[in-house]
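2 protein chains.
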Amino acid sequence: MAYELYYWDGIQGRGEFVRLALEEAGADYVDVTRQPGRGTGAMLEIMKSEGEPHIPFAPPFLKDGDLLIPHVANILFYLGPKLGLAPEDESLRFVANGLQLTITDFVAEAHDTHHPIDLSLYYEDQKQEAKARSSAFIRDRIPKFLGYFERVLTRNPQGPNHMVGNALTYVDLSLFQMIEGLTYAFPKAMKKSKAEYPALLALHDAVAKRPNIARYLASPRRLAFNEEGIFRRYPELDAGS
Amino acid sequence: MAYELYYWDGIQGRGEFVRLALEEAGADYVDVTRQPGRGTGAMLEIMKSEGEPHIPFAPPFLKDGDLLIPHVANILFYLGPKLGLAPEDESLRFVANGLQLTITDFVAEAHDTHHPIDLSLYYEDQKQEAKARSSAFIRDRIPKFLGYFERVLTRNPQGPNHMVGNALTYVDLSLFQMIEGLTYAFPKAMKKSKAEYPALLALHDAVAKRPNIARYLASPRRLAFNEEGIFRRYPELDAGS
Chain D
2 MAYELYYWDG IQGRGEFVRL ALEEAGADYV DVTRQPGRGT GAMLEIMKSE GEPHIPFAPP
62 FLKDGDLLIP HVANILFYLG PKLGLAPEDE SLRFVANGLQ LTITDFVAEA HDTHHPIDLS
122 LYYEDQKQEA KARSSAFIRD RIPKFLGYFE RVLTRNPQGP NHMVGNALTY VDLSLFQMIE
182 GLTYAFPKAM KKSKAEYPAL LALHDAVAKR PNIARYLASP RRLAFNEEGI FRRYPELDAG
242 S
Chain U
2 MAYELYYWDG IQGRGEFVRL ALEEAGADYV DVTRQPGRGT GAMLEIMKSE GEPHIPFAPP
62 FLKDGDLLIP HVANILFYLG PKLGLAPEDE SLRFVANGLQ LTITDFVAEA HDTHHPIDLS
122 LYYEDQKQEA KARSSAFIRD RIPKFLGYFE RVLTRNPQGP NHMVGNALTY VDLSLFQMIE
182 GLTYAFPKAM KKSKAEYPAL LALHDAVAKR PNIARYLASP RRLAFNEEGI FRRYPELDAG
242 S
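Chains as they are written, first to last, in our numbering: chain D, 2 to 242; chain U, 2 to 242.
Keep in mind that the hints are not guaranteed to be accurate.
Identical copies look the same in the list; a pair holds intra-copy or inter-copy alike.
Under the rule of at most 35 Å between Cα atoms (straight-line distance), these lysine-lysine pairs were calculated in the DSBU-like manner [unchecked claim]:
| hint | residue 1 | residue 2 |
| --- | --- | --- |
| 1 | 195 | 49 |
| 2 | 210 | 49 |
| 3 | 192 | 145 |
| 4 | 49 | 64 |
| 5 | 132 | 83 |
| 6 | 145 | 83 |
| 7 | 193 | 128 |
| 8 | 83 | 64 |
| 9 | 189 | 49 |
| 10 | 128 | 195 |
| 11 | 128 | 145 |
| 12 | 145 | 195 |
Read the hints as simulated data drawn from the structure, not as lab findings. These numbers were taken from a predicted model, which means no experiment stands behind them.
Please model the complete structure; the sequences and the hints are all you need to start from.
Quick look at the structure:
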């Protein structure tokens, strides 16, 4: 039976980290809210269900038969071995999960650059605070996170082509997406700093060229970044603005 | 061999979620940075190690033999089955992990109430923004998260004594700690809202009375909350201030 992915329609958002894994593996999956006749209503129905015992707090979530799995890192931990995108060594799977959870934190901080105060307000209502938070993010947090990932990558005992182990995992795919998103949101800041992360950039480029990923990125299934998602391009928040 | 827990000395912080599991299970563990002769230096040595292939981004992390495991939810996913604090049913372990990751997000939001703009600055330097973020947190986020957990708890097919399955898991222990922390940081807001979450409060009280937990809470190993940790009591951020 096909995996069912549930996420907000119209944005890449957190759902994209799961999509990339499903696409790379050529897995049989349905992106439910984008199906004519199902849409976002099908997702809200589960989230508001009275009968479902394990409703998720928020999308994305995956449905595999009767099992509902929320949270990107949890979904990838579950799917990784089934899709051939997790390390074979069981203990390395906890290393992969640790890296994925660091990406999770990085994504949340990237989101908060445009929503530092109140999720229920528009960006425009917290613009000044967003500028202050973005400056700190660009100055301190991007170098801290990317520097960390570069260090882990270059010290991988199996070589610097993968974050963990000797083959592609979902962590590599998620880092590709992270760099895509940061480059969309903060093009000037990223242009300045890219030279400092050569191994990460090489990993990003290698992922983009994988046949299934390249085909996916060129397809209509890959939505464009936009200002409804996690990574938003507000030029006034970028470096030098 | 004893588990080694690494976390900042002097605060409960994120390390506390792991400590509660180790204490409940009566596990053999060392809280490394609190050991005379080891201290925080022993932790920084690992984090800055040139030789260690899988350095963590941040504490807490657990060392089990050669394996280093970072991130609370990852540590608990790993330890849960070994400590008898995870569901026996494998698919329910992903449900537990999903709940734990929702707690992780809640903890991060609780932290950001006093640091909404810049981690490298003091609270005093972002006080006004902290007040705005705390107001939104108290108004929208506490009810959203606690309401969600109450709903999951009361709909557990195995009964409302545990978050998942028919026995105590690390998720129950973490929710105990979450309620402890919120009650410390926002006593007025929590006093007002507690009546809305009777099942959660009953779970909190039941956890506090478990013999190993009660013994731990009364011991010097349980540090007091303070204004260096995640949950801080700044009366001006509480409800009605």
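Now for the hints, and whether the structure bears them out:
1. 195 x 49: Only across copies: residue 195 and residue 49 sit 23 Å apart there, 43 Å inside one copy, limit 35 Å.
2. 210 x 49: Between. Shortest inter-copy distance 33 Å satisfies the 35 Å Cα cut-off; intra-copy 40 Å does not.
3. 192 x 145: Classified as within; 16 Å inside a copy, 39 Å across copies.
4. 49 x 64: within (15 Å within a copy, 40 Å between copies)
5. 132 x 83: Classified as neither: same-chain Cα gap 42 Å, cross-chain 46 Å, threshold 35 Å.
6. 145 x 83: So residue 145 and residue 83 pass the 35 Å test inside a copy (32 Å) and across (33 Å) alike.
7. 193 x 128: both (24 Å within a copy, 32 Å between copies)
8. 83 x 64: both (14 Å within a copy, 27 Å between copies)
9. 189 x 49: Between. Shortest inter-copy distance 30 Å satisfies the 35 Å Cα cut-off; intra-copy 42 Å does not.
10. 128 x 195: both (27 Å within a copy, 34 Å between copies)
11. 128 x 145: both (24 Å within a copy, 25 Å between copies)
12. 145 x 195: For residue 145 and residue 195, the Cα distance is within 35 Å only inside one copy (13 Å; across copies 39 Å).
Against the hints set out earlier in the document, a violation occurs for number 5 only.
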